[in-house]
Amino acid sequence: MTVYALETEGLTKEFAGFSAVSDVALRVKRHTIHALIGPNGAGKTTCFNLLTKFLEPTRGTIRYEGHDITGARAADIARLGLVRSFQISAVFPKFTALENVRVALQRGRGASFDFWRSDRLLRHYDERARALLDDVGLDGWAERSAGEMPYGRKRALEIATTLALDPQMLLLDEPMAGMGHEDIDRIAALIKRVAAGRTVLMVEHNLNVVASLCDVITVLTRGRILAEGDYAAVSSNPAVQEAYLGAQIAGDGHG
Amino acid sequence: MRDAAAPAILRTKRPPDEILAIAALAALLVAAPLAIYPFLLAQALCMALFACAFNLLVGYGGLLSFGHALFFGWASYFAAHMAKGFGWPPELAIAAATLCAGALGLVAGALSIRRQGIYFSMITLALAQLGYFVALQVPFTHGEDGIQGVPRGKLFGLINLGDDFTLYYVVLAIFLFGLFGVYRIVHSPFGAVLKAIRENEPRAISLGYRTERYKLAAFVLSATLAGLAGATKAIVAQSATLTDAHWTMSGEVILMTLVGGMGTITGPVLGAFVIVAMQTYFSAMGQWVTVIQGAIFVLCVLAFRRGVVGEIAARFKISL
Ligand SMILES: Nc1ncnc2c1ncn2[C@@H]1O[C@H](COP(=O)(O)OP(=O)(O)OP(=O)(O)O)[C@@H](O)[C@H]1O
Ligand SMILES: [Mg+2]
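If you're matching them up, the sequences are chains A and B in order.
Counted the way the working numbering counts, the first sequence spans residues 4 to 258.
Counted the way the working numbering counts, the second sequence spans residues 13 to 332.
There's no promise every hint is true.
To be verified - Heads up, simulated EDC-like pairs for lysine to aspartate or glutamate below, C-alpha to C-alpha not over 16 Å straight-line:
(1) 32(A) to 12(A)
(2) 329(B) to 12(A)
(3) 166(B) to 176(B)
(4) 329(B) to 146(A)
(5) 166(B) to 103(B)
(6) 32(A) to 231(A)
(7) 97(A) to 213(B)
(8) 195(A) to 138(A)
(9) 329(B) to 30(B)
Bear in mind the hints are in silico, worked out from the structure with no lab data behind them.
Required output: the full structure, derived from the provided sequences and hints.
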C-alpha cells in the first residue's frame, strides 16, 4: 500500500487552448494536512474540480488510495470517501441548517429512495446532526434557514455537512474565506481535530493558518507546481517569494 | 432538553398547514356538486391531478417538462382502448393505463434527464411531439376522430359509473389519492433528496448522490400520476382525443401550475380550476379565452411568480 492517499500524474486541464492546470504531479500523504496555495487564478479550484471529477481532465491520471479514479464519476468519488467543499459556499438555501446536515447523513445511511415513507424517519439523524452543528459552533442555528445565514456561518455549515459523511479525505476550498478571527480560530482547531485519522487537502489564502495547520504546502502558479515542502522551506524559496509570498506578505499588513 | 425541543421541530419541520389545506380542499370538493355540475367537476379534477403530477416534477424537482401531454394523452388512449376495445372494467383500464404512462415516463426520462435546463425541456417537447404524431398515425387511436363512446362501466363490477354523481365521487377519491401521493413523496426521505438537488445539484453530487437517478425517479412518478389523470379523464369524458396529447396540453398544465403556485401542494389544484372555469364559462368568447390565458401567463411570470397559493403562503409564512 502506498503512503499517498491521493496522487496525480501529468494532470492537465485546458480551456479553449488556455491551460488552467498543466502537468501537475500532486502527492498527498495519508493522514496529513496538505495546503494548496497560489495567487488568484493559479488553478487551485480547477485542480479540485479535476480531483473530484466535477471537470474532466484533458490529460493525466488521478489515483486515490491506489485506485485509478480518473474515469470515475463525481458522485462515486464522494462515495469512495473523497469529499469536497466549494469555494463559493454551497448550502441548500431553503433548508434549515439541521436539514442541510441531515441530507448528508441520509446519504450515508440509506432510505434515500423511499418515497412512500414519511420523512419523520429522518429525525433519527437529528441528534447526530445537532452534534455536528455544535462542533462547528452552530449551536442555536439548527432551525435557521441556511440561505439567511451570514457568510461565515454558511461556511461552517458546509464543513459540518461535509463531516457528516465521515470522509476519509477532505478537499476544502478556502474553508475560512469571509470569516472573522474567532471563527477562523475555531474552524482551524476543528480541522486539526478532524484531521486525526484523515487526510486533508485545503486551499487557503490565510498564510498564518497554513503555517500553523499544514504539514506540507504545494505552491501553484499559472497552473504549474512551483514548489513544495513545509512552511519554512516554501517560504524561504526565492521563486515562491517572488511569485507569491513576497506579494502576499508585502500586501498583507497583519501577516 | 431534547424533549422540550421536539414540539418546536414538529412545528417547523412538519407544518400541518399543508394537511389542513388538503383537508379544507377535500371538504370543499365533497360539497361542490351541490353547486356545480358533477360532470364538469370530474373533468376539472382530472386536470387538477394532472397539474399536481406536473408540479411534483417542476416544483420539487426543478425540472421543467414541456412534454407532459405525452403521458396524459397516451394514458387516456390506453385507458379508452382497454375499456372499449378490450372491454376491461374501469378500475383495470385506469390502473393498466397508469402503469403504461409510468413505463413511457421511464423511457422519456432516461432520454432527457441527463440534459440540463432548456435542453431538458426541449427534449421532453420533442418526445411529446413524436408521441403526438404516432397517435395521429396508428390505427387504434382513430386519428382526428379519437376513440369515442368509451363505456364507463361498473367499478369493481358493483358501482355504476353511468351516474354523474357516483362518477364524481369516484374521481374525487382517485384525485385525493393522487394529491396525497404527491404530499407523501414531497415529505419523504426521497423528497428530501429531490429538494436538495433542486436547491443545489453540485452540492448534492459532492455528497455522493447520483442525482440523475433521483431525477429519473421523480420523472417516472410524475409521469405515472399524469397517466392516472389522463386515464381517469378517458373514463369521465368517455373519449380519448388528439387534444389530450397535443403540445397545447403541455402548455396548459404549465399555466395551471404557475397560476396556482409552483412548489405548493394545493396551488396547482386551484390553478387548474381557474383555467378550466375560464374555458367553460367564457367559452362564448371563443379565441379571446386564449388571449386572456396568455395575459394571465404573462402577469404571473412578471408579477406573481409564486402563483396565487404561493403568494398567500409567502404572506402568512406558511407552506400550503
Ligand atoms: N470553466 C472555465 N472555463 C474557462 N476558464 C476557466 C474555467 N474555470 C476556470 N478558468 C480559468 O482558469 C484559471 C484558474 O482558475 P481557478 O478558479 O482554478 O483559480 P484559483 O487558483 O482557484 O483562483 P482563486 O484564488 O481566485 O480562487 C483562471 O484563469 C480562470 O479564469
Ligand atoms: Mg479558487
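Has the given pair, residue 329(B) with residue 30(B), been kept, meaning a C-alpha gap of at most 16 Å?
-> Holds: residue 329(B) and residue 30(B) sit about 12 Å apart, inside 16 Å.
16 Å Cα cutoff - pair residue 32(A), residue 12(A) = The hint holds at about 15 Å.
Pair hint residue 195(A) and residue 138(A), alpha-carbon separation not exceeding 16 Å = It holds: about 13 Å lies between the C-alpha atoms, which stays within 16 Å.
Holds or violated: residue 97(A) with residue 213(B), Cα cutoff 16 Å?
-> holds (13 Å)
Is the straight-line distance between the alpha-carbon of residue 329(B) and that of residue 146(A) 16 Å or less?
-> holds (15 Å)
Does residue 166(B) pair with residue 103(B) here, judged by a C-alpha cut-off of 16 Å?
-> holds (9 Å)
Holds or violated: are the alpha carbons of residue 32(A) and residue 231(A) at most 16 Å from each other?
-> Distance ~13 Å between residue 32(A) and residue 231(A) Cα, so the pair holds.
Given the hint that residue 166(B) pairs with residue 176(B), does the C-alpha gap stay at or below 16 Å?
-> holds (13 Å)
Taking only the CA atoms, is the gap from residue 329(B) to residue 12(A) under or equal to 16 Å?
-> violated (53 Å)
Against the hints set out earlier in the document, a violation occurs for number 2 only.
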